[in-house]
Amino acid sequence: MTGRPFETLTALAAPLLRDNIDTDTIIPSREIKSVGKHGLAQGLFAGWRYQGAGREPDPQFILNQVPYAQAQILLAGRNFGCGSSREHAVWALCEYGIRAIVAQSFAPIFFENCVNNGLLAAALPAAALHALADAILAAPQLHPLTLDLQHSELRTPSTGAIPFAIDPDARERLLEGLDAIALTLKNIADIDDFHGRDRRLRPWVYLRQCP
Amino acid sequence: MHEPHREHRLAADQPPASTLFEKIWRQHLIVPGDHSLLAIDRIFLHERTGSIALRGLRERGQPVRNRAQVFCTIDHIVDTRPGRGDDTPVPNGRDFIRQTRAAAHEAGIRLFDVTDPDQGIVHVISPELALALPGLTIVCPDSHTCTQGGIGALAWGIGSTEAEHALATGTLRLKKPQTLRVSFDGALSTAVGAKDLCLLLISRHGAAGGSGKVIEFAGSAVRALEIEARLTLCNMATEFSAVSGLIAPDDRTFEYLCERRFAPRGTLWDMALEQWRRLPSDADAVFDQEIRIDSGDLAPMITWGTSPQHAIRVTDRVPDAEHSGSSREAHARALAYMRVAPGEPMTSLRIDAAFIGSCTNGRIADLRSAARILDGRHVAPGVYALCVPGSSAVKRQAEAEGLDRVFKSAGFEWRDAGCSLCFYAGGEDLGLGKRVVSSTNRNFEGRQGPGTRTHIASPATVAASAVRGHIADARTLAP
Ligand code: SF4
Chain A
383 MTGRPFETLT ALAAPLLRDN IDTDTIIPSR EIKSVGKHGL AQGLFAGWRY
433 QGAGREPDPQ FILNQVPYAQ AQILLAGRNF GCGSSREHAV WALCEYGIRA
483 IVAQSFAPIF FENCVNNGLL AAALPAAALH ALADAILAAP QLHPLTLDLQ
533 HSELRTPSTG AIPFAIDPDA RERLLEGLDA IALTLKNIAD IDDFHGRDRR
583 LRPWVYLRQC P
Chain B
763 MHEPHREHRL AADQPPASTL FEKIWRQHLI VPGDHSLLAI DRIFLHERTG
813 SIALRGLRER GQPVRNRAQV FCTIDHIVDT RPGRGDDTPV PNGRDFIRQT
863 RAAAHEAGIR LFDVTDPDQG IVHVISPELA LALPGLTIVC PDSHTCTQGG
913 IGALAWGIGS TEAEHALATG TLRLKKPQTL RVSFDGALST AVGAKDLCLL
963 LISRHGAAGG SGKVIEFAGS AVRALEIEAR LTLCNMATEF SAVSGLIAPD
1013 DRTFEYLCER RFAPRGTLWD MALEQWRRLP SDADAVFDQE IRIDSGDLAP
1063 MITWGTSPQH AIRVTDRVPD AEHSGSSREA HARALAYMRV APGEPMTSLR
1113 IDAAFIGSCT NGRIADLRSA ARILDGRHVA PGVYALCVPG SSAVKRQAEA
1163 EGLDRVFKSA GFEWRDAGCS LCFYAGGEDL GLGKRVVSST NRNFEGRQGP
1213 GTRTHIASPA TVAASAVRGH IADARTLAP
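These protein sequences, in sequence, are chains A and B.
Quick note: the first sequence, position 110, residue 492 per our numbering, numbers continuous.
Quick note: the second sequence, position 277, residue 1039 per our numbering, numbers continuous.
There's no promise every hint is true.
Straight-line Cα separation of at most 35 Å, DSBU-like style, residue types lysine-lysine; simulated pairs [as the list claims (entries may be wrong)]:
{"hint": "1", "chain 1": "A", "residue 1": "Lys568", "chain 2": "A", "residue 2": "Lys419"}
{"hint": "2", "chain 1": "A", "residue 1": "Lys419", "chain 2": "B", "residue 2": "Lys1196"}
{"hint": "3", "chain 1": "B", "residue 1": "Lys1170", "chain 2": "A", "residue 2": "Lys419"}
{"hint": "4", "chain 1": "A", "residue 1": "Lys415", "chain 2": "B", "residue 2": "Lys1170"}
{"hint": "5", "chain 1": "B", "residue 1": "Lys1170", "chain 2": "B", "residue 2": "Lys1196"}
{"hint": "6", "chain 1": "A", "residue 1": "Lys415", "chain 2": "B", "residue 2": "Lys937"}
{"hint": "7", "chain 1": "B", "residue 1": "Lys938", "chain 2": "A", "residue 2": "Lys419"}
{"hint": "8", "chain 1": "B", "residue 1": "Lys937", "chain 2": "A", "residue 2": "Lys568"}
{"hint": "9", "chain 1": "A", "residue 1": "Lys568", "chain 2": "B", "residue 2": "Lys1196"}
{"hint": "10", "chain 1": "A", "residue 1": "Lys415", "chain 2": "B", "residue 2": "Lys1196"}
FYI, nobody ran anything at the bench for these hints, they're computed from the structure.
Only chain A is shown next, with the shape it has when bound in the complex (with noise of 0.2 Å):
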């Protein structure tokens, strides 16, 4: 968890709709250098971004054309996330600058990534998010995307607001900047008991410690 509430973001979206964009195209594990969080940006779509082996941009991907190296939001298709469960894919986003994802649905493990990185992923059905890449890529300049996750709606200038869908504790959790962890200590006193009263039912599953 970030501990970083998020707040209300305007900031142009980069249409990117292929359905299934998986986690190794996000960030291709040949990207993950060190062990850590950082230091992957470079990374990001590293198959799709650069030509060949090398470093150089490729201009036909959206993300290096102008003006969507700029954006801080992504449009996607269905199932967006799919694949490994490597959390660089999302670290790799936000060291990117990626801030919010509008797709048609994600998987579920890159979705419960995103939530604890502070990362908004919104759901929009086809028709919607093919209305909207359509109208940004007609006129970015004039399509600004403003995601209001308090209302759990985005709107540009043109299309008033539409809402989107997301899991109402991920919306809070994303709201407030929680603590997973911090939260869940609070209930140390149950885990305790349950531990208690699990060790007598099942003592087969609790294993001796390693010497």
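For this one, chain A is given, so just place chain B with the ligand on it according to the hints.
Below, chain B with the ligand alone, put in the same frame as chain A:
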């Protein structure tokens, strides 16, 4: 006929008609809520994502709460070439291994190190050592943790931050997932198996078809599967975007686990067994969704594209956009990446490499099924073939049976245990534009190396294709 069943339930003080998943859920519920607090029985870590979680915890000044329940292995980026040590072809790979070792020692958790006889891919060693048991909750910062569902554990992949949470508290907060029962009925014919079943399921219902659900695999075809095949089936639940997959434990499961290294013994075993027998879903339990598949006329399956949903029969042709089940754009991208054309027969595709291994199909039964086809044969000229056992124990067993000799004389490289070329981490790769038939679980762009074209299939299909030099139907190469 239902009476004894009902009495049993009342005796166990359970509400009527529960699914296997609900029984495990209830057993682990500490604080109910929209996001319930669940007890976690086992946490597994590996050197690619586990060391980060341990480090995160240390930075918070938090100890690991239940050290005896936490295990770590070195599998992802360890070198699989014989004579290995900490050095690996992966850039900075050695740092990951050494930092993981140091962090595991410091945290006081059990580590299956590079040279440990029990080392192997985390999802292969956990059932092998009976660290995974029926009815347990198991998490690991790795998406294929769902593999353990094959022995009746509720196991799922998490991120590093969630792993920190589980390590620090012995719990996770989880919104209760919906349930989906996938029933495969009908006897499986020869040369088809669990891998073909999961590819068929994902091809029919899409890579997001099980989104957010816990799947129970059931039906006569599933009950007839050996434990290792059940692990294969559950392994790919994550490719279906499910939280996890589960199979009800039965006598086959108990027999498999009995006497394994960390299995309960004596009276503890009897006590566990008594509880495990109550786990299967009640006959009248209701699932949120049901899918039924007739597995009677199943054929060997293979992927043509870059998503696991791009799977067809090995005897089929590459589909056109209309019949691909994908959007026109996704279809076109997949064709371009894979360099295949609609209408092309899969069996006409020449291959450059063949890979047998991974947490999907790197167990002894998988190696045996490939070896049956390779016995007395040789891989086609120009095909680079390798076999990487899923664990050091699988490797020893295969060598005891002489399978290593079959692989080697067929022209396969015979490796040490690990994930190896299942994924590209910047070290070894299969080459730009190379076409590989692989017994792994992911055919994403670049998964096995930049520009590498991966076709996923069963070990039998991989072996047959290696021999023929093109994608092949294993049924035409009967042992
Ligand atoms: S074998 Fe492949 S899929 Fe399985 S854990 Fe290793 S890298 Fe992941």
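Practice prompt. State the violated hints by number, sorted upward, taking the hints as numbered earlier in the document.
Written response: Failing hints, ascending: 3, 9.
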